[in-house]
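Trainee: With the hints as extra help, turn the sequences into a complete structure.
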Amino acid sequence: MAGHSKWANIQHRKGRQDEKRQRIWTRVVREIMVAARTGGGDVSANPRLRLAIEKAKAANMPADTIKRNVDKATGNLEGVSYEEIRYEGYGIGGAAVIVDTMTDNRVRTVAEVRHAFSKHGGNLGTEGSVAFQFNHCGQLIFAPGTSEDKVMEVALEAGAEDVITDDEGAIEVLTSPGDFEAVKLALEAAGLTADMAEVTLRAENSIILAGDEAARMQKLLDVLEDLDDVQNVFHNAEISE
22 MAGHSKWANI QHRKGRQDEK RQRIWTRVVR EIMVAARTGG GDVSANPRLR
72 LAIEKAKAAN MPADTIKRNV DKATGNLEGV SYEEIRYEGY GIGGAAVIVD
122 TMTDNRVRTV AEVRHAFSKH GGNLGTEGSV AFQFNHCGQL IFAPGTSEDK
172 VMEVALEAGA EDVITDDEGA IEVLTSPGDF EAVKLALEAA GLTADMAEVT
222 LRAENSIILA GDEAARMQKL LDVLEDLDDV QNVFHNAEIS E
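So the sequence shown is numbered by our numbering: it starts at 22 and just counts up by one.
A portion of the hints provided could be inaccurate.
Claimed, not checked - Label-pair distances were calculated between CB atoms; the ranges are:
#1 E148 x D170: 39 to 45 Å
#2 K171 x A66: 29 to 35 Å
#3 E182 x G212: 30 to 36 Å
#4 G166 x N226: 35 to 41 Å
#5 R129 x K171: 45 to 51 Å
#6 R107 x V64: 23 to 29 Å
#7 T86 x T214: 22 to 28 Å
#8 T147 x A210: 41 to 47 Å
Just so you know, the hints here were simulated from the structure itself, not pulled from any lab data.
Note that beta-carbon positions come from the ideal geometry of N, C-alpha and C, so glycine has one too.
Mentor: Take a look at the structure:
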């Protein structure tokens with residue numbers, strides 16, 4: 022099925038992530054530790070840990086650093102204990118925002134998140150206030166020019182739920198969280214490597230922002246993403262250049 026053009030927003034997000042490479046190790050380490058603590062240190066039996074280690078390797082993290090943090094999380098080494106906390110709120114123009122954090126001090130974290138929202142035109146909401154607008158799913162994005170027929174054939178055969186092509190020709194494959202890894206591996210085996218591949222929160226509907234509203238929304242997102250305890254920021258704003 023067809024979808025609206027989101028390729029520019031995807032590229033912008035990738036660019037923002039590239040700018041923050043110096044911060045990515047901190048976030049990946051926390052993800053490894055929480056994944057190992059909650060699901061165990063056996064990579065073969067812990068899909069979340071496998072994905073976290075993939076991210077670490079993509080960020081050029083040494084293998085001994087990865088192992089050390091898995092050992093910390095599973096009790097083989099002394100380490101900091103992080104907990105996951107999710108915050109929901111509203112950005113510019115009523116855009117829905119979800120902020121996932123990992124923290125060793127929830128009082129500090131909620132204060133920082135609340136301050137970011139209030140200072141930059143948003144509002145921190147209550148639990149459940151915007152989560153219903155997002156779908157927890159696996160998402161793989163292929164650049165315009167990729168063979169839609171080939172992606173669709175392989176993805177659907179491997180268990181994908183939907184394949185969407187936007188107005189610019191970018192292809193989005195959606196899976197259940199549990200089927201994400203199998204679909205990703207099947208696509209890679211067919212020579213199809215996604216530009217972005219992750220288990221994420223995908224907005225069901227978008228709010229288009231332009232001009233001053235777009236700039237203000239981007240500023241809010243940048244400030245939230247720059248907080249030390251923030252792992253991911255999800256939103257339903259389509260920000261026009």
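Trainee: Just to be sure I understand the hint, the distance between the Cβ atoms of R107 and V64 should be within 23 to 29 Å; is that true here?
Mentor: holds, 25 Å
Trainee: Is it true that the C-beta distance of E148 to D170 lies inside 39 to 45 Å, as the hint says?
Mentor: holds, 43 Å
Trainee: Cβ-Cβ distance between T147 and A210: within 41 to 47 Å?
Mentor: About 44 Å separates the Cβ atoms of T147 and A210, which means 41 to 47 Å holds.
Trainee: Can you let me know if the beta-carbon spacing of R129 and K171 is within 45 to 51 Å?
Mentor: holds, 48 Å
Trainee: Could you tell me whether the CB distance from E182 to G212 stays inside 30 to 36 Å?
Mentor: Violated - the Cβ-Cβ distance for E182 and G212, about 22 Å, lies outside 30 to 36 Å.
Trainee: Taking the beta carbons of G166 and N226, is their distance inside 35 to 41 Å?
Mentor: With a Cβ separation near 27 Å, G166 and N226 fall outside 35 to 41 Å, so the hint is violated.
Trainee: Confirm or reject the claim that T86 and T214 have a C-beta distance inside 22 to 28 Å.
Mentor: holds, 25 Å
Trainee: With 29 to 35 Å as the target window, see if K171 and A66 comply at their CB atoms.
Mentor: Given range 29 to 35 Å: holds, Cβ gap about 32 Å.
In the structure shown, a violation is registered for the earlier hints numbered 3 and 4, in ascending order.
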